[in-house]
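Each chain, letter by letter, is given below.
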Amino acid sequence: MHKTSRRQFLKVGAGLGALTMLAACAPVASEMDAGSADAMEEPLDLVVWYQDWDGANRIMGWVQPEFEKDHENVTVDLQAIGYGDLLNKMLPSIASGTEGDVMMMYTDWVVATDITRVFLDITDHAGGAAELEEKMWPAAFQAVEVPGNKVYYLPWLAGIRGAAMTVNTVHCDEAGVDYLNFGSYEEVIEAGIAMTQMNDEGKVTRSGYSIASSQYQLLWTLIWQLGGDFFDRETGVWSHDSEVGEAAAQILHDVYHVHKTVDFELFTNEYEACGQQLVSIWGNGAWTMSVLTDVADVPADNIVTPPLANAAEYVLYPQHVAGYGLSKRLADDAAKLSAAVDFALLIVSNGALLQALDFYSGVVPSKGVYNDPGIGDVKYGLVSKRVAEGMWPYARYPQDHVAQQGPAAAEFDRAMRQEISIQEALSNMDAYLQEQEDQARERLAA
Amino acid sequence: MTTLQDHPVSGGQSLPQLPVARRDSLWRRFRRASPFALIYSAAILVFYTIIFIIPFGTGIWLAFQNWDFITTPKFVGLRNFGRAFTDQYFWWALQKTLLFSVVEIALGLSLALLFALALSQILGKWQNIYLSLYYLPVITPLVVSLYLWRWLYRPTGGAFNTLLSSVGLPEQPFLASPQQALWAITAVIIWAHLGTGIVLFLAGINDVPESLFEAARLDGAGFWQSFFKITMPLIRPVLVYQMVVSVIGTVQMFEAFFLIPGPGFSTRTLALYTYELGFRALNLGYGAAVSLIIFVMLLGATVFQLRRWQIQWEH
Chain A
30 MHKTSRRQFL KVGAGLGALT MLAACAPVAS EMDAGSADAM EEPLDLVVWY
80 QDWDGANRIM GWVQPEFEKD HENVTVDLQA IGYGDLLNKM LPSIASGTEG
130 DVMMMYTDWV VATDITRVFL DITDHAGGAA ELEEKMWPAA FQAVEVPGNK
180 VYYLPWLAGI RGAAMTVNTV HCDEAGVDYL NFGSYEEVIE AGIAMTQMND
230 EGKVTRSGYS IASSQYQLLW TLIWQLGGDF FDRETGVWSH DSEVGEAAAQ
280 ILHDVYHVHK TVDFELFTNE YEACGQQLVS IWGNGAWTMS VLTDVADVPA
330 DNIVTPPLAN AAEYVLYPQH VAGYGLSKRL ADDAAKLSAA VDFALLIVSN
380 GALLQALDFY SGVVPSKGVY NDPGIGDVKY GLVSKRVAEG MWPYARYPQD
430 HVAQQGPAAA EFDRAMRQEI SIQEALSNMD AYLQEQEDQA RERLAA
Chain B
4 MTTLQDHPVS GGQSLPQLPV ARRDSLWRRF RRASPFALIY SAAILVFYTI
54 IFIIPFGTGI WLAFQNWDFI TTPKFVGLRN FGRAFTDQYF WWALQKTLLF
104 SVVEIALGLS LALLFALALS QILGKWQNIY LSLYYLPVIT PLVVSLYLWR
154 WLYRPTGGAF NTLLSSVGLP EQPFLASPQQ ALWAITAVII WAHLGTGIVL
204 FLAGINDVPE SLFEAARLDG AGFWQSFFKI TMPLIRPVLV YQMVVSVIGT
254 VQMFEAFFLI PGPGFSTRTL ALYTYELGFR ALNLGYGAAV SLIIFVMLLG
304 ATVFQLRRWQ IQWEH
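These protein sequence lines are chains A and B, in that order.
Per our numbering, the very first residue in the first sequence carries number 30; after that it's consecutive.
Per our numbering, the very first residue in the second sequence carries number 4; after that it's consecutive.
Errors might be hidden in some of the hints.
Claimed, not checked - Straight-line distance between alpha carbons at most 25 angstroms, and here's what the computed BS3-like set of lysine-lysine pairs gives:
id, chain 1, residue 1, chain 2, residue 2
1, A, Lys-118, A, Lys-408
2, A, Lys-357, B, Lys-77
3, A, Lys-164, A, Lys-408
4, A, Lys-179, A, Lys-164
5, B, Lys-232, A, Lys-118
6, A, Lys-179, A, Lys-357
Hints listed in this document are in silico derivations from the structure and should not be mistaken for laboratory results.
Modelling step: build the complete structure from the supplied sequences, incorporating the hints.
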């Protein structure tokens, strides 16, 4: 048998390698090089990334066929991605140019970077900023600082942790609590005291009002309501450590240690505890009502967090907004851009949002859907309407540049657990947040 | 260097001078290598470069930048490294990591060794049956185990507290307590990995020649004397290997602290801190710097362990 020598082998290998490299260097014909064919008729693939949860899957199940009816040449590739995976992959994918065409996002994912480099400016494509703010509550566009009056994402849903409360209606009925008519935040606490149950040793066995999941968001809300502030947008200076900050923190501290409506050792996870019906009122977000009702048979309802009795101003901090952004690659592909804009607008259209409110109890930024005659026909339509119309006009965002508030929230939690003083916690929070803010501003200025 | 000429053989005759072997150059050895060897080597080299060299090099570069994937990277020199030394969260994470590592390794290896010793006294199929049972947690996906234990640890309605209250003992907060959370997670990890240690130690114990034990018995040695004087020295390579791997594994442990965390900073280890810096805070540069510091620490610990417990004798 003829044996190949090493020299021959290397020569053949080098030749094949050179041919492969030449083939790889060949230009790829794009759809726009098709010549006389109309680009709009060319088949298109639209990749849509969205968070994998049952509600979103159901919404997309409605949106996709509706979209494809009017866009026969477009094939929508829906990719449901878990929250953590979507968070971890979005920015690296955008940096490497492999992102989806339409991407679901949360506004706090992009506050620490330059949103103009993350998503495409869709202001004109979506009808203009003024028209969008006519159709949706303006606050929904203010969760992220953007230059000028531009639109880089279409607001879709908002769970509004801290800005809304969810109640166990059976607990409220048993205690005679009229939760729909709370006049002030203090009345919520009173109701919580009435519904709290303790054992013989004084240990809380059922929490009448838990702030465990929403205390950080409530801190910001209460600071604003007391007439103070914690972040200066212009200078980028954080200032929780102030008289007003301490006063707001003290209100929340007293929920634990004076009013005793919740105990740190009652549960590890407040959301699970709500499913066990160990909590009567909680502020984990209006979205929890539908999930706990449908999955855990918890009889629940939503209300807007009422103001402090002595509030200087009624303001609410609703944490973040979920929305859709478009890939900047689409700027070079008019046909695909048009299709992507249509798809994104369909997701936030009244039709799609009505579908969503049949199983989603959070709020949507769209005004129009709540005026739709069909709002009463969907399961959570009216409760969402009540909360949205009571919350959005008072919503405010600090427009900071700190993506990871976790350590600051953990410091505040230490004060609530009395591991450190309130003043020390607020000071530690400011130190951490300031460092993050400064680093983000350094990147943005580069 | 002495040669044969310095030591003439008897009879006065000297041996002919033999040519001294010359080490071939790299090029000569490359030319003589088989083509298939070159292909396999090149493939592994390319793979290693893509999987390790490039990411590691990028990490080193990143440690000197302020970057968030999107904006233009800004060179910041040694600021990220300097920050680690003044960052209280870094030291807290290091403290939690060290506490977890030391306790998990000490308890985990001790229990594994004891179980292996016990199993070595059981002969026949029952040894395999017990070994299989102890190995079940190892083959169970860790995520499943973690969620199971989270349910067991529930402060209200959890299995453990139900058991405690049924025997009149006070219920415990477990994961809800900053003081208990770290140890609750440590217990889970020990349980999840015990089987691996038992298998390895049992293999080492079974490898010890029975004749040594017989000789020891004849000399009047008891069970524990035999264990400490014969078994322990002879299974030392297994022990060293387990220690090295355990140190690396515990420092890199992520899933447990991510999925069933304790309150606040009570279970925030270096691995979790690094993840949060990179993917939550978008502080990639500082996250890379912390990762490099962890790498250097682990490298130092591994080298120290291997040198400290290097086998000095053969048997």
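Results for each hint:
At most 25 angstroms may separate the alpha-carbon atoms for a hinted pair to count; Lys-118 (chain A) and Lys-408 (chain A) exceed this at roughly 34 angstroms. At roughly 23 angstroms between alpha-carbon atoms, Lys-357 (chain A) and Lys-77 (chain B) fall within 25 angstroms of each other, so this suggested pair holds. Simply put, Lys-164 (chain A) and Lys-408 (chain A) have alpha-carbon atoms about 23 angstroms apart, close enough for the 25 angstroms limit, and the pair holds. Straight-line distance between C-alpha atoms of Lys-179 (chain A) and Lys-164 (chain A) comes to about 15 angstroms, which keeps the hinted pair within the 25 angstroms bound.
This hinted pair does not check out: Lys-232 (chain B) and Lys-118 (chain A) have alpha carbons roughly 54 angstroms apart, beyond 25 angstroms. Annotation: proposed proximity of Lys-179 (chain A) to Lys-357 (chain A) holds, straight-line Cα distance about 15 angstroms (limit 25 angstroms).
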